[in-house]
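Chain order of the listed sequences is U, B and Y. Plus 25 on top of the position in the first sequence (first one is 1) and you've got this note's numbering. Residue 285 in this note's numbering sits at position 296 of the second sequence; the count goes up by one each step and never skips. Plus 4 on top of the position in the third sequence (first one is 1) and you've got this note's numbering.
Hint data in this document are derived by calculation from the structure and do not stem from the laboratory. Note that beta-carbon positions come from the ideal geometry of N, C-alpha and C, so glycine has one too. Each hint should be verified, as a subset may be incorrect.
Selected chain U positions facing chain B (in silico; Cβ < 10 Å) [said to hold, decoys possible]: (1) P64; (2) F117; (3) M128; (4) A131.
Read off the chains here:
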Amino acid sequence: MTASLLETRGLCRNFGALAAARGIDFRLEAGARHALIGPNGAGKTTFVNLITGVIPPTSGAILMKGHDITRVDQAQRVKLGIARTFQINRLFRRLSVLENVYMAVAERVGAAPSMVRPAGLRRDVVEEAMQLLATLKLAADAGRPISELPYGRQRLVELAIALGLKPAVLLLDEPAAGVPSAESHIILDAIDGLPRDIGVLIIDHDMDLVFRFAERITVMVSGAVFATGTPREIGADASVRAVYLGQAARG
Amino acid sequence: MTPPVVGWTDHPAAVALAARHRLRAWEPIPWVLALAFYFAFPKYLGFGTELLITILFALSLDLVLGYAGIVTLGQAAFFGAGAYTVGILAKRGIWNEPITGLILAAAVAAAVGLGSGLVLLRTGGLTLLMLTLCTMALLEEAANLAHDYTGGFDGLDSLAIAPVFGVFEFNPLYPKTQYLYVLAVLLVCFAFVRTLVYSPFGQSLRGIRENTLRMHAVGAPVRRRLVLSYTLSAAIAGVAGGIWAQANAYVNLGTLGLDRAATVLIILVLGGHGRLYGAFVGAIAYMVLSHFLSKIYPTAWQLGLGLLLVVIALFASNGILGIAEAAARRLRPPRAAS
Amino acid sequence: MIFGVDVASMVLGGVAAGMVLFIVSVGLSVTMGLMGFVNLAHGGFAMLGGYAIALAMKQWGLGFGPALLFGFVVTAAGSAVLERLLYSRLYRAPELDQVLFTIGLVFMMIASVTVLVGPENQPLMLPPFLRGQINLGITQYRTYSVALIAVGILIVSGLWLVFERTRTGAQIRAAVDNRRMAESLGINIGRLFTLTFAFGSGMAALGGGLGAEFLGLDPQYALKYLVYFLIVVAVGGLGRVTGVFYAALLIGVLDFALKKYVPQGGTAFIYALTILLLLWRPQGLFGTKTT
Chain U
26 MTASLLETRG LCRNFGALAA ARGIDFRLEA GARHALIGPN GAGKTTFVNL ITGVIPPTSG
86 AILMKGHDIT RVDQAQRVKL GIARTFQINR LFRRLSVLEN VYMAVAERVG AAPSMVRPAG
146 LRRDVVEEAM QLLATLKLAA DAGRPISELP YGRQRLVELA IALGLKPAVL LLDEPAAGVP
206 SAESHIILDA IDGLPRDIGV LIIDHDMDLV FRFAERITVM VSGAVFATGT PREIGADASV
266 RAVYLGQAAR G
Chain B
-10 MTPPVVGWTD HPAAVALAAR HRLRAWEPIP WVLALAFYFA FPKYLGFGTE LLITILFALS
50 LDLVLGYAGI VTLGQAAFFG AGAYTVGILA KRGIWNEPIT GLILAAAVAA AVGLGSGLVL
110 LRTGGLTLLM LTLCTMALLE EAANLAHDYT GGFDGLDSLA IAPVFGVFEF NPLYPKTQYL
170 YVLAVLLVCF AFVRTLVYSP FGQSLRGIRE NTLRMHAVGA PVRRRLVLSY TLSAAIAGVA
230 GGIWAQANAY VNLGTLGLDR AATVLIILVL GGHGRLYGAF VGAIAYMVLS HFLSKIYPTA
290 WQLGLGLLLV VIALFASNGI LGIAEAAARR LRPPRAAS
Chain Y
5 MIFGVDVASM VLGGVAAGMV LFIVSVGLSV TMGLMGFVNL AHGGFAMLGG YAIALAMKQW
65 GLGFGPALLF GFVVTAAGSA VLERLLYSRL YRAPELDQVL FTIGLVFMMI ASVTVLVGPE
125 NQPLMLPPFL RGQINLGITQ YRTYSVALIA VGILIVSGLW LVFERTRTGA QIRAAVDNRR
185 MAESLGINIG RLFTLTFAFG SGMAALGGGL GAEFLGLDPQ YALKYLVYFL IVVAVGGLGR
245 VTGVFYAALL IGVLDFALKK YVPQGGTAFI YALTILLLLW RPQGLFGTKT T
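Input sequences plus hints: build the corresponding full structure.
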């Protein structure tokens, strides 16, 4: 059996007495469109932090294409092809949109350590960054500092940075959160337009987005996997509805 | 048939980024002024030399503090390392050629920077600040203990430095050679720092300072970059120290002291950190003020300096250049939406 | 037998010095742990308080005890005003700004004292019953050192009681561990900061006065011993009263021992030791690792 693109085995993470992740077994294949849903505090972001290496697991293993990456540090995992967006924007606020994406592309192509030639003269990096901005309809704002942009557009830049890393695995933590509904179609289109060969995991609460995008859904509750299946299976599952969808309908 | 897509490098944002490193029209002015100073004020060349060395030292701090964002109170450790390298080699008659002496000073200071950076930069915040203080204090104590080599509290004086290129002698009474020599070295070092700041490496340092967590998340080897910039900054500080020893023909424990480290921090912040020319502005402002005030009214000087720092910290943390930038932004007509 | 007495007297001296270090540094540790604020002016409060105590005794003829109380209260009140007016503006500021502010503040403190009192060492006359020697059975020892040790133990016990047994103490401990969570629990962080800051500065004043016999009292005091206070705080762990206590004793005894047996390299050794220790445990001997 060929190894999955990304796999976790028995992944556990404790914060003192709190078990934020309990024995999570998870698989993400190349080309997957996978959604992770669950009530607040279910441990979804913790899970992403574990995969990306922001926090180490208490026990369990993380594998990428069959290789154990549990001990690999965050920056190295990015080089191996794992990229993520943050739930709350983490951008270089005083730099321009172009410079933000430039940072990611420069790291990926290995231009960043160069100390001599001016950054702006690396045409290849600039071209690629601008191209990326264009696909996300951000080209007009390329020269403006992040702090001047409305939050929704900043969210797009967050996505652009992750895409600039040309990942094999893309983890999106509530990508449309905070984006006004008038603009959210840009993000949705961008997600639709993601390369088919990368594996995408989206965390979100917006059920429309989830059911439109996902080919597989995993439900997490209290740090453990509650259910996994196709959108139809999950939608039809009464226990899932009770634990999560029911709450959303009422609340 | 669709028209050919305009290359993205023509987009105004890309053009702006590509043009960022270009020499502005006013940039040669400080150097022209420095050269004019040489001819206009021959009696003040000693002061001028000290000023240029201070600018160089502040420049080294700007690289590590203004661009890499590492708050350190121990930059004098590298200044002193460079100074003592030159001093000990000259005093013992081992080596006194000035230019290669500077290279040696830079190398020794860089070694100290690399060694301490590799261990210290595993920490951050208060712990890092403390450790930079401790490292510098440790070096100062070590220099004091090794008084057979370093002259201890009295230091090493009457250093015999060979003439530059074998021709231009260092004359302690008429520091004409010193001034031009330091100016040339400053120019070279400044060109180096300027290139570095506008390179992709310098760009990544900005990123680390702006949002370190994000830099980790784009795959940047953050600690490696910080150690590298720490080491480079140490090398330049070492050059400043070495040239100080050469110009003054003297080295003592003060080169390693908290006083020197705190002063250069004040100078850089006063001028404006993270802006290449902050070192220039700050050094000139501080040294001119200090020259006139600190000897006449030392206590009032300390009080005024303290007050200045409090005001800067509360209201003007970007220094003189920061204030100038804010004023310029207000005076400039609002930019049309692009 | 003689060697044992020698060692004992050296340890006693070191412990006494450590007590002074503790009393001055405990305030710094708690405010740094609580507010995450780098207060390099803390030594200045110790100096100002010491001067207040010495001058109260000299000019007004106050007794030692009342003078100590006076110094504590005056410094605590003054620092509370400073905290409300100035310090609080910088709690969210970058570390550099905090460093600059407190350096500027300490410069102003030193200059003011130099102008108002003078640059020389300010002598502090101990009351007669604290001077001289006391008989401890095996040996004679300096009365004042013994008194200092007693006072230090009293203070650390008192502080421990406050921290472990009172609600304010619990609030402080909670806020040190996790400020945001403490805020969400309804703890008034602003008021807690002011209280802690005032108390910490008052303690520093106390330490300045009590330690004047050993450390002297001149305007440069504020900066001369700053590194030592910072070392004690960093080694002890931010916000840990017991941690600061043990670290202060350790540094005090080490310093005394080194001065006696290795007079040349003592300070260098302490710096080197601090570096190694903080590299091994950046959170200090007793601190907790921050995520």
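To see whether the hints hold, each was checked on the structure:
no. : hint : result
1   : P64  : 26 Å, violated
2   : F117 : 4 Å, holds
3   : M128 : 5 Å, holds
4   : A131 : 5 Å, holds
Against the hints set out earlier in the document, a violation occurs for number 1 only.
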